[in-house]
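K.L.:
Take a look at the letters that make up each chain.
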Amino acid sequence: MCRKTVYCLIAGLFAAAPVVAQDAADPMRVEGTATLGGIYNNTSAFDRAQLDLYQDLRNGALSSVGAQGRNSTTWFQGYGENFGRSDQYMFLRGGIYDVFKAGAYLNDIPHNFSTNAYSPFVGIGSNTLTATFPLGALPSPQPPGNWSNFTLGYDRRDAGGYAEWQKNSPWYFRVDGNQVSFSGTKVGSGANGSSPGNGFSDLAFPTQYTTSNWGVEGGYQTSKATFAVRWDYSQFDNDNQTLKWTNPFFGGNQLDTTYLPPNNTFNKFTLSGNYRDLPWRSVISARYTWSKTTSDVGLGLTALDSGGIYNPTSPNTGSFNGEHVNQSLALAWTAVPAKNVDTRVFYYWTKLENNSTQVRFGNAPNNPPVGSMGCGNFGNPPTTIQGNCENELFNYKKDNVGFDVWWKFMAGNRLGFGWDYNDLDQTRVDYDKAHWNRLWAEYKNTMLDTLSARLKYQYINRDATRNFTTNGLSPNDPNYLLAYTSAFDMQSNTTNLLKLYLDWTPMPAVGVSFEGTWGKVDYDDVTLGRTSSDRQGYFLSGNWTPGETIKLNAWGSWEQAKYPSNHRYIGTVAGGPDPPPGFCTAANPNCYNPFAPPYQQSPGSTTASYNWNSATKDQTWMIGVGGDWQAMEKLKLSASYLYINNKGNATFGFQNPIVLNNPPVLPIDDFDSSTQQYFNLKGSWAYDKNWSFTGGYSYGKFSHSDIATNGYQYVAPYPGVASNASLSYLNGNDAFTNGSQNIFYLLVTYKFDAPR
Amino acid sequence: MLPKSTLAVAGIVALVGAWLAFPATAQSPEAKKPDTTPICANCHEEKWRAIDLTPHGAKNDASGSMCQACHGDASEHLKDPTKAKPANPFGKGHTADERTGVCLTCHSGNRNLAFWTSGKHQLNEVTCSNCHSIHGKALAPSINKFVTTFLPNQAEICWQCHQPIRAANFKPSHHPIIEGKVRCTDCHNPHGAITPAMLKQPTINDQCYSCHADKRGPYVWSHPPVEENCATCHNPHGSVHAKLLNESAPNLCQDCHDGSRHPGTIYGAAGGWVCLPGDTSSACTNKTGQPNANVNTRLIARACLNCHNAVHGSNAPAARGKFFTR
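Respectively, the protein sequence lines represent chains A and B. Each residue of the first sequence is one higher than the one before, counting from 2 in the working numbering. Each residue of the second sequence is one higher than the one before, counting from 770 in the working numbering.
It is worth saying that the hints were derived from the structure and are not from the lab. Keep in mind that a hint or two might mislead.
Within a straight-line C-alpha distance of at most 27 Å, the following computed DSS-like cross-link-like pairs (lysine-lysine) qualify [unchecked claim]:
(1) LYS752/A to LYS635/A
(2) LYS269/A to LYS984/B
(3) LYS618/A to LYS690/A
(4) LYS637/A to LYS906/B
Distance ranges between label pairs, derived from CB positions [said to hold, decoys possible]:
(5) GLY860/B to VAL511/A: 14 to 22 Å
(6) LEU920/B to VAL230/A: 32 to 40 Å
(7) THR607/A to LEU920/B: 51 to 59 Å
(8) THR954/B to GLY605/A: 55 to 63 Å
(9) TYR289/A to ALA853/B: 50 to 58 Å
Positions of the beta carbon are idealized from the N, C-alpha and C atoms, including for glycine.
Make the full structure from the sequences, and use the hints.
P.N.:
Structure follows, in structure tokens:
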């Protein structure tokens, strides 16, 4: 397929040939390059996914072709690289000045999650994954040679084009479209049972997506005003909306069903425009959008449950019709009401209206959900009937209004300040309202020729309404805890953010830039949940051109992010009927009250309730240096080195006198810790004005250390017992990505210039 | 049957090719205006060559009116090139408005600049020449891993000012920006927008869905923080955690979800794959370094997502969907 696409585009270049053969008075002048060479890659890694990220680094040919040309009326530009490789890219565009322009492109991006994955299932890539459990033999040692071996990943192709008519300027008309296709598999998994102790199975989700996008736009554009109307249409199609897989837990090797993204249709209308040349050099800008996203799916009438039987799910309707209507309105007025004063006033409104089907599974109490289909309890205790499962339709409306003012109060001194107010209304079970104020101020000094400095401070205060209360609830009721559980995306908070920017040119040919950021979000009135978010970062870059032939460049940074949080552990709870399921046991009353004294049945027992806290931290630093040296008139050398390091960890604490020793609470020393190193060396020799030769060497190294993958096994727990129905089956994703690669490449380039 | 994408590209290419052929087949008997090298090229040939085949070059003429449109009147300079250089509005001493105004003289009618005055760049005195150099200014030496693309990376321009973004782009989990496959302008409009962060789309989610259409849903069971703002959990510029997550699971999930049993459980290192020093549990006593029989499936691999995989939304029935396990 890719070769045929290449031929199409090369044919297009030839189709443009007649343009070249114009009369001598107005010749088409063309310049271009063509590069051909090869790459040799010696990679040492069990899983190359991280080293080959988004690129095709297989041994083979590297190539590029580019050409551009014009005469007084017509122009074209075409380019393509890495033909036939899974990361190839090409475009061709052209037109007649002030009449029309058009173009087409193709962009391939490989996405590899694991180049050496394993699975006990067969049928990888299809919508049915089967296996026979218990497995005859479990992996020992690794990797599991008797399992399916495959590449977990997909190829993404984006091909599209546009055409725009401009002859009737200031009016214009444009159509554009593209199709994005995914082919392969992606990372997925499924809980084997209905309890976390029942294990899980890594599943390669089939990924055969096609998204077709079209747009039509017309408008009017002058220096005084612009106006545009646009319609966008997008159709997302998924060839596999369900995945069937043999569930090892429920028994009988029956097929379970995982539901994958549904087909959807998206329509959007956009009106936008602005008007200039008003008093105070004002510009008024506006944009309104309306869009509708729809999906239609049949609802599953049964689901696999214990004993290998398919229990009814009892929906009140046979299908779900999803419909989201989104609207937005943006208004802005910028003006210069006085000399050296710039202002902006803006209003922004967005709305999501969810008109999707309200679905109820189960009809308690007459026909309650059976097996493990239910959601909570129906009614109030002491009833223990399984509750219905009803979806919640999420809607929101946001208003944002504010202003910015910039005042150059003295030469080289500029002061900025602003305020904006946000109001959020939403239908969400835990928070339905929030509003926040943002204030900022900035000072910029450019008085010195060689130094400019900018200091910015921002303050945000958010106030959110939490819906859950403890009114009418006993601290033995699970719902009692909801009033004390915060969601950090909505919880009231105060944010302070400080930024410093410095640009310094201490001497000609030397430039230094520094940026420092310190920010903290303090969440208010948090009992359980994230208590704060603490980030700081310092970034430095510099460049030096000591002579005409040498350029040097370096940059580095150090960053840190911390997320402390509070939590509550509630161990054994009642199984019903009295106390009702999920309620505190008689031995541990008031377990859902976070202010209750900690309880533990006996030292080390998991029959306990207590508060605990955690703090995750990421520290990342990186340094890179690079240089270009025109060593001789015809020889240019380039080199660079980049090192990136992240150290992540998590610490824990819990109330006294709780004793946790089986297992003990140990801090996590490696939470996505990683290092990356890249070295490049390249030389280019210009043989003559047309021919040049380039050769180079690149070294890359990646290492990853994480509690989630250190000591990884393909079954959990390990060593596995085949007859254990609660065994988990894993495929190796993200577990064995450490490795290094040595890349050598050699290229020949031919270049021709347009005749004068 | 050729795939639809190949047919689409072939169709558009054929159309482009045919239209490009129009001038050859439908020429007027009148001679077209020939290209003329501007007089400025006699001394500034390299600068001229850089724009010759571009629209800037196409609008030029023998007197260099395009050159002077940007660099100022050169009539005195032409009399004695060693003296009286053109005013050059891009030099020091000129305000950001003056430098931008040179370009806007011609380009203010460009609809891609319609919201320039509302955008953060204009308000922060970023000028056209900070990012654009029509004469092809050499970039600083590139510092990157090996990339197969021969094209210069657009992000190197943006990184000149946006250093924290550069740092994020190089983290292990990232959009393919450093590989040159995704550009900053795929999401942002640096020429101004009236959406916060100068996004091209009205909201963050709309921006993400423009490439990730599989996340659009609508789903039977939705996860409100997902539908309200993808950036609640993800950092689109890059992260040290898989899938661009801001924080590693299970901690990210537990920052909102607490309660009895496993949501509120401590997932410390003793639940990892290997028995660690200091682990006094029955499964790991005297077994440091050996596989941990008490490995916790809520900590290893993808943590909460091992079971609650459908975290972006689910169409599964009943409890399977509500708890995102299918």
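K.L.:
Hints first: check each against the structure and report whether it holds.
P.N.:
How the hints compare with the structure:
no. : hint                             : result
1   : LYS752/A to LYS635/A             : 15 Å, holds
2   : LYS269/A to LYS984/B             : 17 Å, holds
3   : LYS618/A to LYS690/A             : 54 Å, violated
4   : LYS637/A to LYS906/B             : 17 Å, holds
5   : GLY860/B to VAL511/A: 14 to 22 Å : 20 Å, holds
6   : LEU920/B to VAL230/A: 32 to 40 Å : 34 Å, holds
7   : THR607/A to LEU920/B: 51 to 59 Å : 58 Å, holds
8   : THR954/B to GLY605/A: 55 to 63 Å : 58 Å, holds
9   : TYR289/A to ALA853/B: 50 to 58 Å : 52 Å, holds
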